[in-house]
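When you get a sec, could you build the whole thing from the sequences and use the hints?
For what it's worth, this note's numbering labels the leading residue of the sequence shown as 1, then goes sequentially.
Note that these hints are calculated values from the structure, not bench results. Just so we're clear, the structure is a prediction, and the values are computed from it rather than from any experiment.
Computed list of lysine-lysine pairs in PhoX-like fashion (alpha-carbon distance at most 25 Å, straight line): (1) 272 x 306; (2) 36 x 253; (3) 98 x 180; (4) 98 x 118; (5) 243 x 312; (6) 306 x 273; (7) 243 x 253; (8) 13 x 36; (9) 107 x 180; (10) 272 x 243; (11) 253 x 272; (12) 253 x 306; (13) 243 x 306; (14) 17 x 36; (15) 52 x 36; (16) 107 x 52; (17) 180 x 57; (18) 253 x 17; (19) 253 x 312; (20) 273 x 243.
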Amino acid sequence: MNFASYGIVNAQKYPDKEFLAELTPSRNLRRCLTWKEFNSETNKIANYLQQKLGVQKGDFVLHLQMNSLEWVTTFHAILRIGAVAVPLNFRFASADIKYAADACSPKVMILGDGFLAKVQPIQQEIGITSYICIGENVPEGMISYQHVIDNSSAADILVAVDGDDPAELMFTSGTTGPPKPVCQTHNTLYQIGIGNALTYCGGHETVYLAPHPFYHSGSFFLSFPCYLAGGKIVILLELSDPKYMLDAICAEKVNNGWVTVPTMSDTVNAVKKGVIDLSNYDLSHVTGSIVIGAQPVPYVLFQDMKQLLPFKTGNIYGITEGGGGGTLNLYDG
1 MNFASYGIVN AQKYPDKEFL AELTPSRNLR RCLTWKEFNS ETNKIANYLQ
51 QKLGVQKGDF VLHLQMNSLE WVTTFHAILR IGAVAVPLNF RFASADIKYA
101 ADACSPKVMI LGDGFLAKVQ PIQQEIGITS YICIGENVPE GMISYQHVID
151 NSSAADILVA VDGDDPAELM FTSGTTGPPK PVCQTHNTLY QIGIGNALTY
201 CGGHETVYLA PHPFYHSGSF FLSFPCYLAG GKIVILLELS DPKYMLDAIC
251 AEKVNNGWVT VPTMSDTVNA VKKGVIDLSN YDLSHVTGSI VIGAQPVPYV
301 LFQDMKQLLP FKTGNIYGIT EGGGGGTLNL YDG
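Rendered as structure tokens:
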């Protein structure tokens, strides 16, 4: 079972339903993809990788981007052809990128143009044959993402894989040493999605808030119930203003999500100081939980959340090696 198959299935079942919404509040910018549009764009990338760049089943593809619609489409495109996605921490320095390349000998790299300054100095050292660059500043010798979309077939493509075949090589945060590569198979990604759906009551009606980096197992893997069941993922690109999170929750009718401790703390403090007036926000649609975690959570933050915010929460801890989301979940009573 290829984990990427659910994008094809959901495009057939819910073609006009919105799957991804990307928000940039400071610019009042909203981009989105329906399931049909997501499937078409993913197919174009997958077909180009296979037919034009020769990426085959089992090949590794480095993936270095900030969160975006393209982050998700390129990830799934890699899986559709049986290749292995290697999403990298956007904070990686050039030496870290080389370390990751040495660990898997990738054939292709897909990167945002904001990372050129880190990648170009080591191109001769990492032995990658082809680069796809997303953005306006595409250097000579790299292929523009727009060229891929404009010059590839949208026909469905799905390479058969065994459930135990590798799907993703994700690097740990490097808390206690160098980042370690952790392999997730197609089966483990599926089981992570089912586990998170059961744990957090996620599914077809879920609108999941994702304001944190997808290279991290917490944010990305917690979105899998939406992917599997035809739900919706809201990619919030900015958190510089505490109200951005609440604005997104209201505008997109978010009913589930995961945020870090600093993000929730900023929002709670803004409410306590009167910077944010909660009477201006209708949060009655948040029927699931907005959980926090990934680091120790001050008890006073939970107290403030329970007193001020009208939705359930929880404290979750997880490790990349244990699958995505929460390995340990402490629920709101």
